[in-house]
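Enquirer: The lines below spell out each chain.
There are 2 protein chains.
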Amino acid sequence: MKTKSYVYGEWVEGTGDGVQLFHAVNGSPLTSISSDGVHFSRVLDYGRETGGVALRELSIHQRAAALRALAKHLLSRKESLYAASKATGATKADAWIDIEGGIATLSGYASLSTREFSNEKFIVEGPPERLSRNNTFAARHILVSKRGVSVHINAYNFPCWGMLEKIAPSLVAGVPVVVKPASDSAYLTCAMVQEIVASRILPEGSLQLICGSTGDLLDHLSEQDVVTFTGSASTGRMLRSHPNIISKSIPFNMEADSLNSCILGESVSVTDPEFSLFIEEVAKEMTIKAGQKCTAIRRIIVPAAMLHEVQNALVKRLSRVVIGDPEEEGVHMGPLLGAAQKKDVHANVLALAKHCEIVAGGDENFELVGKAACKGAFYPPTLLLCKNPLEVDAPHSIEVFGPVSTLMPYNNIEEAITLVAMGRGSLVSSVFTYNNEEAASLILESAAWHGRMLVINRDCAEESTGHGSPLPNLVHGGPGRAGGGEELGGVRAVKHYMQRTSIQASPDTLMAITREYMSGATTTHTDIHPFRKYFEELLIGESLVTHRRTVTEADIVNFGCLTGDHFYAHFDEIAARDSLFGKRVAHGYFIISAAAGMFVEPAPGPVLANYGLENLRFIEPVGIGDTIRAKLTAKKKIKKDKRPGEDQATGVVVWDVEVSNQDNKIVALYDILTLVVQKQA
Amino acid sequence: MKTKSYVYGEWVEGTGDGVQLFHAVNGSPLTSISSDGVHFSRVLDYGRETGGVALRELSIHQRAAALRALAKHLLSRKESLYAASKATGATKADAWIDIEGGIATLSGYASLSTREFSNEKFIVEGPPERLSRNNTFAARHILVSKRGVSVHINAYNFPCWGMLEKIAPSLVAGVPVVVKPASDSAYLTCAMVQEIVASRILPEGSLQLICGSTGDLLDHLSEQDVVTFTGSASTGRMLRSHPNIISKSIPFNMEADSLNSCILGESVSVTDPEFSLFIEEVAKEMTIKAGQKCTAIRRIIVPAAMLHEVQNALVKRLSRVVIGDPEEEGVHMGPLLGAAQKKDVHANVLALAKHCEIVAGGDENFELVGKAACKGAFYPPTLLLCKNPLEVDAPHSIEVFGPVSTLMPYNNIEEAITLVAMGRGSLVSSVFTYNNEEAASLILESAAWHGRMLVINRDCAEESTGHGSPLPNLVHGGPGRAGGGEELGGVRAVKHYMQRTSIQASPDTLMAITREYMSGATTTHTDIHPFRKYFEELLIGESLVTHRRTVTEADIVNFGCLTGDHFYAHFDEIAARDSLFGKRVAHGYFIISAAAGMFVEPAPGPVLANYGLENLRFIEPVGIGDTIRAKLTAKKKIKKDKRPGEDQATGVVVWDVEVSNQDNKIVALYDILTLVVQKQA
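Protein sequence lines, in the order shown, are assigned to chains A and B.
Reminder that position 342 of the first sequence reads as 344 in the working numbering, one-by-one numbering, no gaps.
Reminder that position 300 of the second sequence reads as 302 in the working numbering, one-by-one numbering, no gaps.
If you're looking for bench data, these hints aren't it; they were derived computationally from the structure.
Among the hints, a few may not be true.
No copy labels: a pair is met if it fits in one copy or bridges any two.
[What the hints assert, rightly or not] The calculated DSSO-like cross-link candidates involving lysine-lysine, where the alpha carbons are at most 27 Å apart (straight line), are:
{"id": "1", "residue 1": "Lys642", "residue 2": "Lys585"}
{"id": "2", "residue 1": "Lys389", "residue 2": "Lys318"}
{"id": "3", "residue 1": "Lys641", "residue 2": "Lys123"}
{"id": "4", "residue 1": "Lys585", "residue 2": "Lys535"}
{"id": "5", "residue 1": "Lys681", "residue 2": "Lys80"}
{"id": "6", "residue 1": "Lys286", "residue 2": "Lys344"}
{"id": "7", "residue 1": "Lys94", "residue 2": "Lys74"}
{"id": "8", "residue 1": "Lys681", "residue 2": "Lys585"}
{"id": "9", "residue 1": "Lys667", "residue 2": "Lys345"}
{"id": "10", "residue 1": "Lys4", "residue 2": "Lys639"}
{"id": "11", "residue 1": "Lys644", "residue 2": "Lys585"}
{"id": "12", "residue 1": "Lys318", "residue 2": "Lys286"}
{"id": "13", "residue 1": "Lys633", "residue 2": "Lys681"}
{"id": "14", "residue 1": "Lys318", "residue 2": "Lys345"}
{"id": "15", "residue 1": "Lys642", "residue 2": "Lys74"}
{"id": "16", "residue 1": "Lys356", "residue 2": "Lys123"}
{"id": "17", "residue 1": "Lys74", "residue 2": "Lys641"}
Produce the entire structure from the sequences given, and follow the hints as far as they go.
Expert: If you want it as structure tokens, here you go:
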């Protein structure tokens, strides 16, 4: 049976024989794969016209809600995915990272997108930019969905996570996806896509799957499309220089395997907890997924004085790793994905061995647990030692995509920094030390070469998510050899699929475009107090100018006595005269409290609470005898869905507050956040 | 005399004959240019080793101060630059954009970098990311200077601005620059660099200049270098696919000439102010710098019903443009840069004329003012008309880099949006309408194709900075044909020259690296109140836990009476019972005021003022009888330079404030901003 593609709303079986795939553990034939006969230009058009249009009809929160529902659905179907993953040779722990880690990334994006973005179809970024003296001409930055598709060309090692971590931000951005998993494990991606398609949660056309080669897909890309790639540097280079990608300036994001490092700090002794944490992390990262991880530790950088101890401890630790059929009890490490991968790993170990000494593994002498296991795809944990790593390039440039790592000594911190940089760009590096000064200098001097770095010590090790795990809210990627790209990083990845545009116009026009009030825009006024209006009834720009209040000496005295704040600027005539203010002034907190006193409506109404305040600046001091008033303007509305258990649906209303004095000078400026009830709920 | 390069600390004259350059107005020989003999790998090494190291020793504010001083210096030398610019054929207005616009960009970056960034050598981006239940393991994002050089390959049309707008963010980022201006006007860039070098304001090695070809420069780039390019799409494509740039994943930012459009709204009638504003802007953008501007209007998109009126008005307006030697009184438009440019412009006009009708200009029949003027480089304002623009690609794809634009009609707003998109990516588009709904739909549907858009109407026209002007705080660039890059945009451009890295560690380690306190990090305590400490004496993480205060019914009553805030949740027992809170609670403003009452020191001291407050969230309600206390922790320090006229140097201290109740539950969380005096000042 062939692994099918899901394109233009159909499951399509490729023509021809296709490529035969085998079970990683026992070597038996599994499925074949071919995309011959798929019309790639039709795939792209279908994505753009069916998926793109449908996604752009949803708001960002609606797209996030679809991801949340999808994550829930996939979690309910996880057993079938675990079953399908066995053929890849994954242990249960390996499969957990891929399947449940991937699903968690999906729900992570659902949450962060709802939290960080407004419930609109576009994103407004940053504050208004003032461009003119009278503020009749200003600017804002917005991001809108690209009008194309995003094509994701993924690696074989994470058939599920690799797809989900990329489709999540793209779908939130409103951009449909075409997923092209690496052929070798595409059947597992396909199993997950079957669940996704069957669920009908995503709008039709927003996700297509190509199992097999990409054919002439890239030739049909256009200026609004986006390509992301995860895999080997050589394939990445080829794709990045594709004439159509170059000529249309198509964004190309690449995340390539790199020679990630792990550094043992100079300050760590054998008896420190950091020493054993280091040994454990290195061994773990060498053997999880049999080292087939782009973030695995390939270079182990330790103080020269500790080389012997580290080597002994690591060799001992690795000797305890049980290799075999992951179905068998007690097995720690499964096979590589196939015989081809093993051949590649062994060839690279031999290449490294020309410059380094093999101190563990590296040959066929290892025990295998489980009768079904086929020796063809297994490889033992292999440790090499390079004694002169500053002079030899091999361990910094030959990446062995398996359970293989090279140990190398350094003599001082500058040497350690140089060694790390010799990888010429990595996804991740970790530092083990309990000395925070040492950590800070290693991090600040090495960060330019990495997309992610960790410092592990006794305080954080237990809760650490580990060297090898990219997280949805953290940037993942790295410069140079790691591909120069950036994935994840929370909202950053969503923006990658959108176009950022600066918009210059009058404040009124900007308010109409962004649906956010800004200073200079026209405010409107009705006879009904805005706090008496339901969420739906409120218009952006709707405003209330309060009555006035003269601030008296009695106010200052009463406020100071009530709050206990007797700061000299309010109470000491002599010191106040020499102060910034030149006189006694009212408490800033009094000004905002009195402003609330002027704009708050006492009786119950749709405004449930003022739960926060942002960007408060005291602009001018308020002296005794000054008369203040407040202007409250509905600035931004974020509609929220009614959650299970809630009586009423609500929304967030952000109000712009300006407190001014008798000379119409603004004395305080801030935003308040309120929760307002929806009428229709 | 040859135009020299400034490399490895020397002014170097290229060997060989070089390329001869001519005066744009009178065609006389001017200078020649050659970079033969320049050792390009030495240029890069010198930048990395001398310039990079020196720049990275400065804090971001120190780098910004250098830019501020440089802008001041260049402004004092502007007359010599205006004199040198005459040979390019620029009018005074053209030269003003290039020279003073460039200098303003420099000082713009000095200001925004001081305002937006801390005074450190790195940038901390975004809030802490919580990663674990007990918060022993968390993350932050930092950006550090790339360890390479940035190579800026610039266009001939803005020899000064083109250099300054790119070096400003790179230098703020701590990355030395190698500037390679287009040969044709490199003498003007060189004149400015002579002033920069002579001023000795920038650290040696931070700015090098290559006049002539780039030789084998690109072959020597490494993973930490950055390339930016402004110019034609064809050159950009060639550079972007350079094998060394591809293989090392070197960031390549491209800004290419594009077919920018200007749209007259459907709602505009001939008598509306927007009609004449539109005609004026189009004519201006066609003729400033003789149309040699990557942001010039190339496509004029108007309602079919208005085509005739627009054509007549434009032809009439263009006929008033006086062409000639910019030295002569009353001249509006000078020559193109040279005969080669003119030949190119004319060839492209002929290519367009196969599909469009020439309705103004396009030939040799035009008057030239000034005896010195050499007809070779002048070209008249030329208007073409394309009646079927949806069917013809030429006016959307042939860019004429001169005073040339094509008029085209649309029948409805969807057609207008389609026509705009047919440019396949532009730097900028402007919309003329007084109807904000029309504006919003045109902008939101077209933004995906642009880096910048404007809406001009009667309210903002007078203060508008115009269709053609990129501004330092706004994104400049565009997708597709415009190169897919992003320049300027305020802090965004600075970050382009830095590496973003997520750092995972314990809160204490993160505090040591970022020099910012975060929740979960260890706080320290001394016997001296932190408000009694000078800026330098305060340590990050230094903390004060206040005495306690029981909140009473009297407090609520007094606070309500004093402020006038009688909201039912504080005063109406019956309504409060049914509210979110279930009982009467204290005013949120009372809580933060009482907290200040507990932590403020009454007597004069180093803390001059609490000038702002950020990120306030009321987490738990405080009821009658609850007992609160505050914890104040020094979170972040931003040292400021003493400005002329200030008595004392100060710094900003951001304090983390946690107000908690008797159960150690946090009731309110916020940051306060204070101005604190420096001791040594």
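Enquirer: At most 27 Å between CA atoms: does that hold for Lys356 and Lys123 within a copy, between copies, both, or neither?
Expert: neither (57 Å within a copy, 42 Å between copies)
Enquirer: Should Lys318 paired with Lys345 be assigned to within, between, both, or neither, using CA atoms and 27 Å as the limit?
Expert: within (26 Å within a copy, 76 Å between copies)
Enquirer: For Lys318 vs Lys286, is the C-alpha pair at or below 27 Å within one copy, between two copies, both, or neither?
Expert: within (13 Å within a copy, 77 Å between copies)
Enquirer: Is it within, between, both, or neither for Lys286 and Lys344, if the alpha carbons may be no more than 27 Å apart?
Expert: Within one copy only: 20 Å inside, 67 Å across.
Enquirer: From the Cα coordinates, with 27 Å as the cut-off, is the pair Lys4 and Lys639 best called within, between, both, or neither?
Expert: Neither: 50 Å inside a chain and 62 Å across chains, both beyond 27 Å.
Enquirer: Checking an output row: Lys667 and Lys345, CA cutoff 27 Å. Within, between, both or neither?
Expert: neither (76 Å within a copy, 59 Å between copies)
Enquirer: Using 27 Å as the alpha carbon limit, work out where Lys389 and Lys318 are close: within a copy, between copies, both or neither.
Expert: within (20 Å within a copy, 80 Å between copies)
Enquirer: How do Lys74 and Lys641 come out at 27 Å by Cα distance, when the copy is not named: within, between, both, or neither?
Expert: Answer is within; shortest intra-copy Cα gap is 23 Å, inter-copy 49 Å.
Enquirer: What label fits Lys681 with Lys80 when the C-alpha limit is 27 Å: within, between, both, or neither?
Expert: neither (40 Å within a copy, 63 Å between copies)
Enquirer: Give the relationship of Lys681 and Lys585 under a CA distance limit of 27 Å: within one copy only, between copies only, both, or neither.
Expert: Between copies only: 24 Å across, 49 Å inside.
Enquirer: Give the relationship of Lys642 and Lys74 under a CA distance limit of 27 Å: within one copy only, between copies only, both, or neither.
Expert: Within one copy only: 20 Å inside a chain, 51 Å across chains, cut-off 27 Å.
Enquirer: Is it within, between, both, or neither for Lys633 and Lys681, if the alpha carbons may be no more than 27 Å apart?
Expert: within (25 Å within a copy, 40 Å between copies)
Of the numbered hints stated above, those contradicted by the structure are hints 5, 9, 10, 16, listed in ascending order.
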